[in-house]
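Undergrad: Just so we're on the same page, the working numbering is the position in the sequence shown counted from 1, plus 1193.
No lab work stands behind these hints, which were simulated from the structure alone.
For glycine and all other residues, C-beta sits at the position ideal for the given N, C-alpha and C.
Possibly wrong hints are sitting among the right ones.
Cβ-Cβ distance ranges computed for the label pairs, FRET-style [said to hold, decoys possible]:
#1 N1269 - V1325: 21 to 27 Å
#2 E1226 - Y1292: 27 to 33 Å
#3 N1269 - Y1249: 22 to 28 Å
#4 E1363 - R1197: 14 to 20 Å
#5 S1223 - I1252: 40 to 46 Å
#6 Y1292 - V1323: 21 to 27 Å
#7 E1248 - E1288: 22 to 28 Å
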Amino acid sequence: VNFRFIYIMRNPISRIESHIRHKAYAMGLSSAEMESVKFDQANVEFSKYAYQIDEYVKIFGRDKIHLLTLENLISNPLDELKKICLFLGVNPEHEFEEYNSVFNSKKSFKLPPVIYKLRHSFLESLIDTVPVRIRHFIRSLVIKGTTTEKQEAEFKLSEEDKKIFAKALESDLIRLQ
C-alpha cells in the first residue's frame, strides 16, 4: 500500500497556548486557575513535532510525509494546496472551490462545558460521522440556545513563559529543520 501523509504543524508556542486554553476550559478552570496546568509536561510533548514525525519516517520513509505549517496554509492557501497536489500526484492546477473555511476556531469555546466535554469524549467518533454542515447547524442552535455569556477563556503566555517553552522544545525544533 502506498501511504502518504500530510502533517500540518502550528507554531509550537501558539499551539501550547491553545492547548492550555482548551484543557482549562474542559476542566472548568478560571483564567487565574490556568496557571496550575500551564507547565504540564503534556503541553511540551504535544508540540514535539520531530519526535512525532520520527515514527512515521521509520515505517514509511521521509518521502511519504509532506510537512507544512498552519501559518503558511492560512497565509498562502492556494500555494500550499498546489504543493500538496504535487506531493499526492494530483493535478496542481485543480480549481479549489472552498479553501478559506475555518474550523476549530475559538467559537468552540462558546459551547457549554457539558457539550464541550461530550465532544471530547468517547462520542467523538460517533459525532464525526455526522456531516459537517449538520454539525455546524446544531452548534449554532446550541450556541443561540445558551443563556451564558461568552465563555472563551483568555490566556496568553508571558514572554518569560515563551522562553521556557522554546528552551524545552529547542532540540526537537532543531531536528525538525
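Undergrad: Compare the structure with each hint and give your call.
TA: Structure-based check of all given hints:
The given range of 21 to 27 Å is respected by N1269 and V1325, whose C-beta atoms sit roughly 24 Å from each other. Our hint of 27 to 33 Å for E1226 and Y1292 is violated, since their Cβ atoms are close to 38 Å apart. A hinted range of 22 to 28 Å for the beta carbons of N1269 and Y1249 is consistent with their spacing of about 24 Å. Taking the beta carbon of each, E1363 and R1197 are about 30 Å apart, not inside 14 to 20 Å as hinted.
Look at S1223 against I1252: about 43 Å separates their beta carbons, and that is inside 40 to 46 Å. Separation of Y1292 from V1323 is about 23 Å and conforms to the stated range, judged on CB atoms against 21 to 27 Å. Look at E1248 against E1288: about 36 Å separates their beta carbons, and that is not inside 22 to 28 Å.
Of the numbered hints stated above, those contradicted by the structure are hints 2, 4, 7, listed in ascending order.
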